[in-house]
Amino acid sequence: DAKTTQPPSMDCAEGRAANLPCNHSTISGNEYVYWYRQIHSQGPQYIIHGLKNNETNEMASLIITEDRKSSTLILPHATLRDTAVYYCIAERQGNMLTFGGGTRLMVKP
Amino acid sequence: GAVVSQHPSRVICKSGTSVKIECRSLDFQATTMFWYRQFPKKSLMLMATSNEGSKATYEQGVEKDKFLINHASLTLSTLTVTSAHPEDSSFYICSARPQETQYFGPGTRLLVL
Numbered sequence: 001d002a003k004t005t006q007p008p009s010m011d012c013a014e015g016r017a018a019n020l021p022c023n024h025s026t027i028s029g030n031e032y033v034y035w036y037r038q039i040h041s042q043g044p045q046y047i048i049h050g051l052k053n054n055e056t057n058e059m060a061s062l063i064i065t066e067d068r069k070s071s072t073l074i075l076p077h078a079t080l081r082d083t084a085v086y087y088c089i090a091e092r093q094g095n096m097l098t099f100g101g102g103t104r105l106m107v108k109p
Numbered sequence: 110g111a112v113v114s115q116h117p118s119r120v121i122c123k124s125g126t127s128v129k130i131e132c133r134s135l136d137f138q139a140t141t142m143f144w145y146r147q148f149p150k151k152s153l154m155l156m157a158t159s160n161e162g163s164k165a166t167y168e169q170g171v172e173k174d175k176f177l178i179n180h181a182s183l184t185l186s187t188l189t190v191t192s193a194h195p196e197d198s199s200f201y202i203c204s205a206r207p208q209e210t211q212y213f214g215p216g217t218r219l220l221v222l
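One line per chain: the protein sequences are Z and X, in this order. Per the numbering used here, residue 1 is the first one in the first sequence, and the count goes up by one each step. Per the numbering used here, residue 110 is the first one in the second sequence, and the count goes up by one each step.
Just so you know, not all the hints are guaranteed correct.
[Unchecked claim] When the alpha-carbon atoms are kept at most 20 Å apart in a straight line, the in silico SDA-like pairs for lysine to any residue are as follows: (1) X/LYS150 to Z/SER9; (2) X/LYS150 to Z/HIS40; (3) X/LYS150 to Z/LYS52; (4) X/LYS150 to Z/ASN95; (5) X/LYS151 to Z/LYS69; (6) X/LYS173 to Z/LYS52; (7) Z/LYS3 to X/LYS164; (8) X/LYS151 to Z/LYS52; (9) X/LYS150 to Z/GLN45; (10) Z/LYS69 to Z/PRO21; (11) X/LYS150 to Z/PHE99; (12) X/LYS150 to Z/LYS69; (13) X/LYS164 to Z/PHE99; (14) Z/LYS52 to X/THR210; (15) X/LYS150 to Z/ARG104; (16) X/LYS151 to Z/GLN45; (17) X/LYS150 to Z/ILE39.
The hints are simulated quantities; they were obtained by calculation from the structure and are not laboratory data. Bear in mind the structure is a predicted one, so any value in this text is a computation, not a measurement.
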C-alpha cells in the first residue's frame, strides 16, 4: 500500500475552513484515498474516500489532484468538536487499512 | 454509516488474569473483522484479521496464543487477552466492513494492574 505523508499538526480557527493536506506520490491506479478521524479516546470515524474525482458529503470535501499524488480534506466550517487526529490512507478498496501518524487538528475559538 | 460496537468500553484487571473483548457488527454481517491496538499518543497498529469459520491471521510479532481470537458468528468476534500483564494495557479497537468501507468500534481501554 502507498505511503502517505501528512503534517503532524495544524491549527484552525473556529468557523473557518480547515484544509488538511496529504501527499501520496506513490499511489497506484487502483488505490483509493480514505480519510478517517479519531477524537480522543474513541475509535476512528470514517469521513470520506475517493479514487480520482473530487467528493463531497455532509462531513467534508475531498479534493484529489489530477495526477493523484496529493489530496486535501476540507472541513468547510470547523467547530471545536472537529478537534481530532485526521488520518489519510491510500489503499485498494477492500483491503485492510494501515494507519500512519495522521495530522492533529486543533480547532481554536 | 455502519455500526460496530465493542464491550466492555473499559476494563481493569489484575495481572495474570484473562480478559475478553467483544466486537459486534450491529446492522450488517461481517465475515472478516480486524483487531487493532493503540498505545498512548501512537497510531493504530493492526494485530490480526478475524475470519468467520476459520482461524485468525496474525500480524508479525503478535502472539496468537496470547491474543486469542474467535469469530463465532457473522456479527461477533472476540479477542481474549490471556494472562494479561501491565504491558498489555492499551486501547483495543475492532473494525469491520459491510461492503468496501471499513468502520470502527468505539474501542476498549484495558488497564492491567
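Give me the numbers of the hints this structure contradicts, sorted from smallest to largest.
Hints 3, 4, 5, 6, 7, 8, 12 and 13 are the ones this structure does not satisfy, whereas the remaining hints hold.
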